[in-house]
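Q: Line by line, the protein sequences give chains U and A. Note that the first sequence covers residues 1 to 481 in this note's numbering. Note that the second sequence covers residues 1 to 222 in this note's numbering.
Keep in mind the hints are simulated off the structure, nothing from the lab. There's no promise every hint is true.
As the list claims (entries may be wrong) - Negatives, chain U to chain A, calculated, CB over 12 Å:
| hint | residue |
| --- | --- |
| 1 | D4 |
| 2 | S103 |
| 3 | I161 |
| 4 | T293 |
| 5 | E302 |
| 6 | R309 |
| 7 | R366 |
| 8 | A368 |
| 9 | A379 |
| 10 | T409 |
| 11 | E413 |
| 12 | S459 |
| 13 | K473 |
Said to hold, decoys possible - In silico lysine to any residue, SDA-like type, Cα no more than 20 Å apart, as pairs:
| hint | chain 1 | residue 1 | chain 2 | residue 2 |
| --- | --- | --- | --- | --- |
| 14 | A | K208 | U | T465 |
| 15 | U | K356 | A | K174 |
| 16 | A | K174 | U | L452 |
| 17 | U | K473 | A | R175 |
| 18 | U | K466 | A | K174 |
| 19 | U | K466 | A | N137 |
| 20 | A | K208 | U | I292 |
| 21 | U | K356 | A | T59 |
| 22 | U | K396 | U | D350 |
| 23 | U | K470 | A | G206 |
| 24 | A | K208 | U | E472 |
| 25 | U | K356 | A | Q64 |
| 26 | U | K410 | A | Q64 |
Note that the Cβ used here is the ideal one computed from N, Cα and C, for glycine as well.
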Amino acid sequence: MALDGTVGIHDPSTIVRCDGKYYTYGTGGSSLVSEDGWTWKRGTQLPRRGLAPDVIHIGDRYYLYIAANIGAQPKAAINMLWNKTLDPNSPDYKWEEGGVVASSDGVEDCNAIDPGVFRDPNDGRLWLVYGSYFGYIRLVELDAKTGKRLNPKVPPRDLAINCEAADMIFRDGWYYLLATHGSCCRGTDSGYNIRMGRAKRITGPFLDNAGVDMIQGGGKLFLGSGGRVVGPGHFGLLDLGEGVQKFSTHYEADLDRGGASVLDIRPLLWKDGWPVAGDNLKEGAYRIESVITGTALELAVEGMPVGGRRTRGPRGGGPPGTGPGTGQPPTPGAGPRMFEGVGGVIASQDAAQVEKNWPVGNTDVRMANYLCQAQQKWAVSVVPNAGGFPGSPYFKITIAGTKRTLAATKDAELIVLPAFTGGAGQLWRMDQLADGTWRIMPKSIPDSKEALALSAVGSSFATLTKFDPKNEKQRWLFKTP
Amino acid sequence: MSRTYKGRFMIMAFSALACVAQTPPQTLAKPTTPQKLPGNGGFIQRWTILEPIHVTGLTDSAVQATVKKEHFANQFTVIPKDGEKVTAGAAQLTWHAVDTKNYNVNLFHFARGLGKPTSDVLFWAVTIVNCPQEMNNVRLAIGSNSASVWWVNGQEVIGIYGDRQTVIDDGVSKRLTLRKGANVIRAAIINGGGATDFCARILDAGGKPMNGVTISLTGTVK
C-alpha cells in the first residue's frame, strides 16, 4: 500500500524536509506533512491555491513555485512564494510573494504550469522547467539568491513536447529530464506514466534510450501503472543522503483506496546510466543473503538437512533400473543408491519440523551457506502502528513459522529473541539502494543514538556498523527462500 | 647426443623428479626468536600445537561435545611449552612450537611430518598475543578446515561447524577487548578427512588487520 494515514493529493511537489518533518504540496494549495515519511496527515493550506507546485530549500529559505491559470489554458503564469520555514507553528512561518517567474500568453506553444525546480550540483545555478501539453516543456534560469527569474529577457529554451510535470535530476555527468506522459484526472482510466531522457548539458538535447529527442516526443519509460495503482505522475527526487535516494509520485488511482489520487514514495535505483523505479519491500518469507559473502543470515542452531539426515549410501544398492525413482522394486537388502533420492517428494522444511531441536531463549545469529533449512528462512512483516521511514513502515524480522525475532543489542551486535516485544531494536527499516540491494537498519540501538546498519563480518557472522554507502558488506538481498 | 648419453640423462632427470616428488612440502619450522610480529595481512604465524587426537563428527553438537570433553588435564588453561607431553586417554601426545611460512598453519603438514593421522582428528593450538595497551572493539577472525572452536582469554568467542574449507575471516568474533600484556588465544580444530589447516588474525575496530602487537608462545597471563 502506498503510505499510511491521509495521503490524498494530486500533483505533489518534491518532498522537502524542515526541522525533521517531511512536507509536500499539491494542486489546490493542499499539503501533507509527516514525522517519518510513512504516516502522513493533512497540512496547512498554502495562501495560493494554484496548480502542481514545487518546492526547493536553499539556504534559509524555502522557495515554492505554483501555477495559476489566469485565463483558459494555455494562458498561465508561475508564481514564486518563499518562507523561512514550512512549520506553521513556527513564529517564522510566513509566505512572502516573489512574483511571476514564467508565463505563457495563451497563444505561444507553451502552457506555463507544472513547475519543476532544480539546482545544478555542479555550479549551484538554479533552473525551472515547466509546461503542460500545449506545446513545449521549457527551461528558464532562476536566481539562486532570490528564487526569482534571472535575465527575464533571455527566452526560455524548449526541452520536450507533449508531456507535463517535468522535473530534472543530475547524476554522473548526465542531466535527466523526467516528465509525465498520458492523461491525468480520469481515475483508473488515467494513462499517466513517467518517461525520461538524458543530456550532457542542462539545455539538452534530452534523448531517450532509443536516441529519440524528447522534443520529438521521445521518452524512456520510468514508471507506469502496475499492481494496485494506476497512473503515476509528477516525479520528485527525495535524496536521503548516504547514497539512499527515493522518489515521490502520485497515482491517479489507488485501487486499495477506492481509486483516489494518493502520494507514494519509492526507492530510486540506477541501472546502465538510467534511473529505475524500485519497490518498497513487501511482507513475505525471505532468505537474507549477504552481497559480499553470498552466505545467508541464519539462527545459530544446528541445521537438519531437508528431508532428514541420510547416510551417503552405497554407489550400488541394486541392479540398474531398480529402486526409488525407477518404478521397479529395490533389490531386497540393498539400500537406495547414492544419487537416486528417497523416492517421492521431499517436503520443504519449516520450523515446525525442527524447532523442537533448537535451544529456547536468546539465540545467536550467524551466516551460512543456504541449504533451504528452517533456521535460514525469515518472515518479514509490518509492525502496525510503529511508524516507519520514507515510503515504508517498520518491519519485524522473525524466523518463519516462529516468534523468534531478530534484534539489535546495546553493544551493536545481533541476537534472536524468543518473541517480539516491540523494542526499537526489533523494528527494522529496509531501504533499497541504487543497485537494487538493500540496507537493513534497526530503528535504533538500545542506549545509543548512532544509526547502524546490518553488516557482514567475515563469511559466517554479521554485526551492526555505521553505514558506509561504498561498503558492500552492508548490502543485502531478499530472495525467495 | 649419443644414445648412451641420452639414456643416462633421462635416468638422471627421472631421478631428480622422483626426489622432488618424495619431498613433502615444508611450511612449518621451529621458532628461533622469542617473539614474532604478525605476518602479512596480520596473520598469526606462531603457535604451539598438540599432536592430533582421534575424534569424529563435524556437526554443531558433535563438535561442541568433542571440545568440551576433557581430553587432557588443564586443556582450557594450559600455556604449553614446546616438547611438553600430555596424556590423552591411552596416548601420550607432545606439544610442538611452530612458525608457519604462510598466512595459514597447515595441520596436514604438521601431522604428516610427525607420522600422525590427519583424518578424524582434533588439534589443539595455543598462542599469545601481546598488546602494548588495552585494545577495545577488536575481533578475532579465523578460517579453518574443518570445524573449529576458539577462545580468547578463556572466553569462547567463535564456533564454526560442518565440513568446510579454510576461508580468511570465515568466522569472526563479536567485539572484544584485548588487555594490556598477554592475551591467550586457544583453538580446537577438528578435521574429517583430507587437507586440514587454519588461519587467524585480529581485526581492529575498523575491520583492518591489527598492527602493533607481538606473538609469543610464553607470557605472563593475568
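Q: Hint by hint, say whether it matches the structure.
A: A quick look at each hint next to the structure:
1. D4: Label holds. Min Cβ-Cβ 36 Å, cutoff 12 Å.
2. S103: The assertion about U:S103 holds, with a minimum of 56 Å to chain A.
3. I161: holds, 53 Å
4. T293: Given that some Cβ of chain A is not farther than 12 Å from that of U:T293, nearest at about 9 Å, it is violated.
5. E302: Nearest chain A Cβ is 4 Å from U:E302, so the label is violated.
6. R309: violated, 9 Å
7. R366: violated, 8 Å
8. A368: violated, 8 Å
9. A379: At about 23 Å from chain A, U:A379 clears the 12 Å cut-off, so the statement holds.
10. T409: violated, 9 Å
11. E413: violated, 5 Å
12. S459: Nearest chain A Cβ is 5 Å from U:S459, so the label is violated.
13. K473: violated, 8 Å
14. A:K208 x U:T465: holds, 14 Å
15. U:K356 x A:K174: It is violated: about 27 Å lies between the C-alpha atoms, which goes past 20 Å.
16. A:K174 x U:L452: This hinted pair holds, its Cα atoms lying about 15 Å apart.
17. U:K473 x A:R175: The hint holds at about 17 Å.
18. U:K466 x A:K174: Holds. U:K466 to A:K174 sits at ~15 Å (cutoff 20 Å).
19. U:K466 x A:N137: holds, 14 Å
20. A:K208 x U:I292: holds, 16 Å
21. U:K356 x A:T59: holds, 17 Å
22. U:K396 x U:D350: With a Cα-Cα distance of about 19 Å, the restraint between U:K396 and U:D350 holds, given a limit of 20 Å.
23. U:K470 x A:G206: Holds: U:K470 and A:G206 sit about 14 Å apart, inside 20 Å.
24. A:K208 x U:E472: holds, 15 Å
25. U:K356 x A:Q64: The given pair, whose Cα atoms are some 19 Å apart, holds under the 20 Å limit.
26. U:K410 x A:Q64: violated, 28 Å
When the structure is compared with the earlier hints, violations turn up for hints 4, 5, 6, 7, 8, 10, 11, 12, 13, 15 and 26 and for no others.
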